[in-house]
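Spelled out, the chains give:
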Amino acid sequence: MTTAQAPAAALIKPRSARTASAQPRSISPLRRGDGRSGWLFLAPFGVFYLVFLIGPTIYMIVASFFNTSMVHTDLGSFAGFANYAEMLTRPDFWSAMWHTLQFTIYTTPPLVIFAFVFAVLTNRVRHGQWFFRLAFFLPFILPSATISLIWVFVFTPATGLWAYMQQLLGMTPGNGILANPNTAMIGIAIATVWWTLGFNFVLYLAGLQDIPRELYEAAAVDGASNWSQIRFITLPLLSRTTTLVILLQIIASLKIFDQVYLMTSGGPGISTQVALGLVTGTAFTDNRVGAASAASVLLFIVIVAVAVIRQLFDRSAARREA
Amino acid sequence: MTTTAVRPGKRRSYVSGAAPAANGARIGTSGKTFQVVSIIVLVVFAIIWLIPSLFALKTSLTDNGVAALGAQAILTHWNPTLHSFASFFQAGDIWNWYLASGITSVITAFLTVLFASMAAFALSRLRFRGRNVTFLLVILGIMIPTQVLIVPIFQMLNWMSLLNTYWSVIFPQVPAVIAVFIFKQFFDGIPAEMEEAARIDGANRWQVYWSLIVPLSRPVIAAVSILTFVGVWNNLLLPLFVLSNPNLMTIPVGLATVQSSFGQRYADIQAGAILAALPLIILYLIFQRQIVEGVTGSGLKG
Amino acid sequence: MAKASGLSRRGFLAAGLAGLAVPALSACAGPVSAGLAGSQLNPKTLVYWNLFGGGDGSRMQAMEAGYQKTHGGSSSLQSTTFAWGNPYYSKVTLSTVGHKPPDVAVSHLTRAKPLWEGGILDPITDDDLASVGLSPDDFSQAPWQAQKTNGHNIALPLDTHPLVMFYNLDVLGKAGLLGDDKQIVPLDSMEKFEAALASISKVTKGPAITVANVAGETATPWRVFTTLYNQHADATPFLSDNGSKLTVNWDIFEDVTSRIQSWVKKGWLNSGLDYGTAQSYMFTGKAGMYLEGEWEITTAQLVKGLKFDMAPIPTLYDKPAAQADSHTFILPKKDRSPEQRKQAMGFIKSMLDQSMTWAQGGHVPAYLPVADSAAYKKLEPQAHYASAAEHAVYDDPAWYGGSGSTFEGIVGAELGLVQQRAATPAQARQSIESQLKIYLNTPSPL
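Going down the list, the protein sequences come from chains A, B and C. Number 162 in the UniProt record's numbering belongs to position 162 of the first sequence; there are no gaps in the numbering. Number 94 in the UniProt record's numbering belongs to position 94 of the second sequence; there are no gaps in the numbering. Number 441 in the UniProt record's numbering belongs to position 441 of the third sequence; there are no gaps in the numbering.
Quick caveat, the hints were computed from the structure, so don't treat them as lab data. Glycine residues also receive a C-beta, built at the ideal position from the N, C-alpha and C atoms. Possibly wrong hints are sitting among the right ones.
[As the list claims (entries may be wrong)] Derived CB-CB ranges, DEER-like:
hint, chain 1, residue 1, chain 2, residue 2, range
1, A, 47, C, 336, 34 to 40 Å
2, A, 243, C, 434, 38 to 44 Å
3, A, 182, C, 378, 45 to 51 Å
4, C, 58, B, 289, 44 to 50 Å
Let the hints inform the model, and build the full structure from the sequences given.
Take a look at the structure:
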């Protein structure tokens, strides 16, 4: 759910290819009885949808108004907005939100720029494209546990690969990038860029496919250099992909958990603690389900807001295209 | 932007036929320079991108004692040993973890494909009151960030006495709304005439779904299955909290929580990292195209 | 097309059936039926969880092997080691809430209290003790009294592990601080101690003593602070009423923290060192003394050519005190048959019987038949610091407190900053007060 499904949890464009079957015409005899079958076909998915998606959402909202505990089965005493008031005044809630933003700021530019450059260049290479796709995309399908174990080892203070490279380059390796509160998030960001770049890379490759070849040919006839072709054709025509990539990255950043939990557990101190880390810590370490639910609801609102922005953006972009 | 991951009748691979790569005949001098620079830049970065994985692989094949000395020793020591892998397989935990990861991933993929395609069939091919409202609800569900629901999902699983069973990992991942959407989009593209012909021949709705739609949907079924499999295999957050029995843990959770008690055995740790990823790497090498297209499709649509 | 699709459908069906058939076929296999049907895994196997890494981990494994040898081989026990600290206690809590706890688990004494309060533990009755030939008199009184909660026995102590002082014999010899017995001379006053720091510093041309305080190390600054704090006659509990009141004596807080800063200013105490480097300073003679829990004995003994010894923390103020905790065995709440209870108690007894193995790792045994034995009393350097356990100071009970807890994390981080001189004692106080406020004002969720 964290890697491959991360994009899946985002938004859908309701701009589906409506074909002949989409609109109900006159009800033909064949259509009679569709109703009951329709609900039967929907039922299995619907049950899971209600029990494991809608149910938890409602429970989360309800529990956020109670002093619900992990170790008791009841909801606990009514808390009103106390959990929200607490979260909104907790310095570590805001620092977790700030770290999330910090993570977004660190990861988005390299994830967009590198992915774009790699995709454009790969697209122009005639041989060995499979190799570049392997190199850039493979990390994306690896488990976060693998990624984190590799990078924590690479970042081992003094003797790790990162420190060794620094020495080779004539730098003095410090205490280790993950051990310093000022650099730990950079370490997580580096690992993340390495891990998820492949996703943006294939999105850009797909976008490049849709640029008509004739445009380049016409430009070439007009004597446009490769650079100006990229500048004036590729870049503008991929702008929609770029916006998509950025919005997906923001949504993914808001839900970041795995790398942080595995690489630093939110430390040193709380210098890399992120929103979901605070939620799980409050629920599963402090046993305070109510307070954790309030934090979840706040995070939920932020993510849905970004998702709605994306939805609106997509619609307007689709309208402009059409 | 119209590249659909999987589309009936017509499939297009975006690897070949791309404009810039194909206009080789007319590449001038500047074009040649550009090609050379492109390749050099790409190769350099591809190597940088491969280094962490190769370093992990090298470490896993190094003796624990040498690995403890650091990167320099690991890179300069060339006595490969499979000791770390052997000790993992002998310890036994890894088999249980593979079993848990495999069973949960396969069952989730199966249930997701079956239920999502049934739901999509109803939403795409059947006419009934409330269909549009239902579809709207499903679309809204896409916005729900499931990770954020970890605490209430834990509570619900607890009430159902499902904690510490594979089902606690499977069930919450079955309602993948994106899968319904991908299936629906695919089904929308299947000509209605085929279905009507079948119905006139006396097929009921289940037969239409099972004998007509499902067989036509092989590519999309493959894509959704593989993506679900990979997603469930890689999930950390959910199994981390719902599975506390070390025998039932999935492999990422096992690696993250169960520590070996012999201190810093770096080679063993990297061997574990590789073993966790190995099935996915094999899967990638076999289903490269489906995975890339599926990821692209769900990214563009989802 | 039709042919291909027919194949695909059958393939799809087959794949699905295969997915379901795997568990069906191997339903007899333990994990699979447990995972799918929720059945119990090998009911005869005792499931035991702990959080021991490093030297403790290998000693615990030896003790587990000892149990297996006398209780029917490797299938008699399934032991799992989890990552230390909060994640471990989360696992214990969540597994018990989810009705699949281990039969026996290790817990720090200070963490057993909140677990008990949350209804996670089964009390251990006198009958349980008697069933394996134990009685309350078999345990050291300090940890035994500390674990007693509302008249119930909630945890059986295996050891006490106080903060102690490690010292490098070569360095201290050069500094003239060793007596005729080749042990450190008594330094039981601030004047003597500071004079010793000054002379060690002259020998090392650097710090005299090291305390790990950076790279996420919050526990050690807390251990050192609370040791010195509790040496004051007027020391009050840091927290009271299960963590709802902050009752620390801020004058003493100010006194101890500024004293620590003054050592750093004079170059006697390191400003910022991570856990591993702090001890390697003492190992390599870059510092003369090192403060940490006695478990680091294993690491020190592995250092080639190192001559070291250990002692209780000198009494710098009014009375001896040493921050400590105890590893204990707990019985997570679950339905147990009388046989299962006896089995669990039998395992604990077997571990206690092997306390000598455990004591070699530095921990002071809580099981008196071993602690009072001639063999333990002969064990060196253990004998030189074992008395520190008598002055053990446990962390104050709080639902967010105990070893490796949120409380230690918050306060320890500020104390680490004080030592780095990145915060004044007043700033640290302010920061501690503001960060603890949420926890002080929150009724215990347990």
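Tested hints:
1. 47/A <-> 336/C: 34 to 40 Å: Holds, at about 36 Å.
2. 243/A <-> 434/C: 38 to 44 Å: Given range 38 to 44 Å: holds, Cβ gap about 41 Å.
3. 182/A <-> 378/C: 45 to 51 Å: holds (50 Å)
4. 58/C <-> 289/B: 44 to 50 Å: holds (49 Å)
Violated hints are absent here; each numbered hint is respected by the structure.
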